[in-house]
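Q: Sequence:
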Amino acid sequence: MGFNINGSVKDQIAFVFPGQGSQSIGMMNSFRKLPIVNEVIEESSDTLNENLFKLIDNGPEEKLNLTTNTQPVMLVCSFAIWKLFLSKFPSCIPGYFAGHSLGEYSALTAANTFTLTEAVGLVRYRADIMQSITSPGDCGMAAVIGLNLELIQDICKEVNGRVLLNKAKQEFPKIVEVANINSDKQIVLSGAQEALDATIEKLKKLGGNVRIVQLPVSAPFHSSILMPIEGLLAKKLELLNIQKPQIPTLGNYHAKVYESVEEIRSILPKQAYSVVQWKASIDKMLRLGVSVFIECGPGKVLSSLIRQINRRVKVLSLRDYDSFSETLEYLGKVKEMETK
10 MGFNINGSVK
20 DQIAFVFPGQ
30 GSQSIGMMNS
40 FRKLPIVNEV
50 IEESSDTLNE
60 NLFKLIDNGP
70 EEKLNLTTNT
80 QPVMLVCSFA
90 IWKLFLSKFP
100 SCIPGYFAGH
110 SLGEYSALTA
120 ANTFTLTEAV
130 GLVRYRADIM
140 QSITSPGDCG
150 MAAVIGLNLE
160 LIQDICKEVN
170 GRVLLNKAKQ
180 EFPKIVEVAN
190 INSDKQIVLS
200 GAQEALDATI
210 EKLKKLGGNV
220 RIVQLPVSAP
230 FHSSILMPIE
240 GLLAKKLELL
250 NIQKPQIPTL
260 GNYHAKVYES
270 VEEIRSILPK
280 QAYSVVQWKA
290 SIDKMLRLGV
300 SVFIECGPGK
310 VLSSLIRQIN
320 RRVKVLSLRD
330 YDSFSETLEY
340 LGKVKEMETK
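Under the numbering used here, residue 349 is the last one in the sequence shown; the count climbs by one each step, no gaps.
I should point out that these hints are in silico values taken from the structure, not numbers from a laboratory.
There could be a bad hint or two in this list.
Unchecked claim - Here are the simulated DSSO-like cross-link-like pairs (lysine-lysine), alpha carbons at most 27 angstroms apart as the crow flies: (1) 265 with 323; (2) 211 with 194; (3) 309 with 323; (4) 63 with 309; (5) 253 with 211; (6) 214 with 42; (7) 97 with 323; (8) 342 with 323; (9) 42 with 97; (10) 253 with 293; (11) 293 with 279; (12) 97 with 279; (13) 253 with 279; (14) 97 with 253; (15) 211 with 166; (16) 92 with 342; (17) 279 with 194.
Stated by the list, open to error - Per label pair, the in silico range of CB-to-CB distance: (18) 100 with 158: 21 to 29 angstroms; (19) 171 with 335: 19 to 27 angstroms; (20) 317 with 210: 38 to 46 angstroms; (21) 171 with 270: 40 to 48 angstroms; (22) 124 with 321: 31 to 39 angstroms; (23) 243 with 343: 36 to 44 angstroms; (24) 171 with 70: 21 to 29 angstroms; (25) 297 with 124: 35 to 43 angstroms; (26) 144 with 317: 29 to 37 angstroms; (27) 342 with 250: 22 to 30 angstroms; (28) 39 with 70: 13 to 21 angstroms; (29) 170 with 342: 55 to 63 angstroms; (30) 225 with 248: 26 to 34 angstroms.
Where is the CB? At the ideal position from N, CA and C, for every residue including glycine.
Please take these sequences and the hints and turn them into a complete structure.
A: Given below as structure tokens:
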């Protein structure tokens with residue numbers, strides 16, 4: 010598997026797909042004159058019976074940032090950019106796909122595990138049931154920058170031990186947990202707001218170069234609070250004609266390449282409440298020989314994280330048409346070298 014141009018194997022290339030948090034109003038403006046992009050958005054609008062063009066182009070921000078909207082919109086935008094890339098450079102066959110959180114669904118859709126129609130309906134359903142577990146304000150997430158994982162986990166355990174002493178009449182566990190291991194420098198926490206606040210307070214007292222950023226989300230993504238949705242997602246997946254990925258795709262849950270449809274059906278429902286093993290996924294692809302990562306979708310969150318993990322690898326982006334053109338130019342030069 011690899012970056013295949015004119016039949017020869019060059020540097021391994023991995024495409025990575027961003028998740029919730031990379032969205033912004035007008036994020037597809039530079040692509041909107043391209044028919045293939047508009048076709049993807051139009052098909053997805055028909056699937057959801059709503060105008061995604063208006064939401065993507067104009068928001069408002071509060072509506073775009075609702076989980077029920079953000080998840081399908083991010084998948085649609087990332088998939089549209091992938092389809093555009095394929096139309097411009099059909100001879101480029103990535104070695105691997107991976108996606109961050111919701112982005113894993115984008116990756117699997119690009120790998121033809123799901124059809125676009127199936128994927129859009131699936132992630133809308135996923136978003137709705139994730140949000141239904143708790144009420145707005147009950148839960149939250151925060152990124153911790155500059156502390157090691159073990160110390161953060163110890164503080165979470167300390168806070169959870171105190172919170173669980175008062176667990177009577179709780180609608181859901183009032184706990185805080187590690188949700189994303191994004192890099193050695195960035196860990197994301199998720200859980201009940203009161204437990205999250207207590208953890209943040211303790212982390213701030215450590216001093217030093219610690220930085221904590223509360224994330225603009227209202228559901229406790231990738232925490233065990235969402236465990237009740239596993240069965241619902243599993244039943245939804247049973248209704249879909251899932252295919253084995255045509256391009257090797259890594260799962261967040263185990264940072265491994267999916268080997269079968271059965272594994273996807275088993276793992277994806279767990280992914281929603283399990284830790285996103287992003288650093289482990291990137292490390293795995295590096296061990297497999299990947300030397301070029303291309304972020305396929307709005308924003309540059311994953312590009313930044315990959316550079317934190319390994320400064321030596323080449324990181325490219327398809328976030329707008331300028332970066333898209335620069336990436337095509339780079340790949341074109343690689344192709345020229347291949348043919349000489």
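Q: Please go over all the hints and tell whether each is borne out by the structure.
A: Against the structure, the hints come out as follows:
no. : hint                             : in the structure
1   : 265 with 323                     : holds, 22 angstroms
2   : 211 with 194                     : holds, 18 angstroms
3   : 309 with 323                     : holds, 14 angstroms
4   : 63 with 309                      : holds, 23 angstroms
5   : 253 with 211                     : violated, 45 angstroms
6   : 214 with 42                      : violated, 51 angstroms
7   : 97 with 323                      : holds, 21 angstroms
8   : 342 with 323                     : holds, 14 angstroms
9   : 42 with 97                       : holds, 15 angstroms
10  : 253 with 293                     : holds, 20 angstroms
11  : 293 with 279                     : holds, 20 angstroms
12  : 97 with 279                      : violated, 36 angstroms
13  : 253 with 279                     : holds, 18 angstroms
14  : 97 with 253                      : holds, 25 angstroms
15  : 211 with 166                     : holds, 12 angstroms
16  : 92 with 342                      : holds, 21 angstroms
17  : 279 with 194                     : holds, 25 angstroms
18  : 100 with 158: 21 to 29 angstroms : violated, 41 angstroms
19  : 171 with 335: 19 to 27 angstroms : violated, 51 angstroms
20  : 317 with 210: 38 to 46 angstroms : violated, 26 angstroms
21  : 171 with 270: 40 to 48 angstroms : holds, 43 angstroms
22  : 124 with 321: 31 to 39 angstroms : holds, 37 angstroms
23  : 243 with 343: 36 to 44 angstroms : holds, 42 angstroms
24  : 171 with 70: 21 to 29 angstroms  : violated, 36 angstroms
25  : 297 with 124: 35 to 43 angstroms : violated, 28 angstroms
26  : 144 with 317: 29 to 37 angstroms : holds, 34 angstroms
27  : 342 with 250: 22 to 30 angstroms : violated, 40 angstroms
28  : 39 with 70: 13 to 21 angstroms   : holds, 19 angstroms
29  : 170 with 342: 55 to 63 angstroms : holds, 56 angstroms
30  : 225 with 248: 26 to 34 angstroms : holds, 32 angstroms
Of the numbered hints stated above, those contradicted by the structure are hints 5, 6, 12, 18, 19, 20, 24, 25, 27, listed in ascending order.
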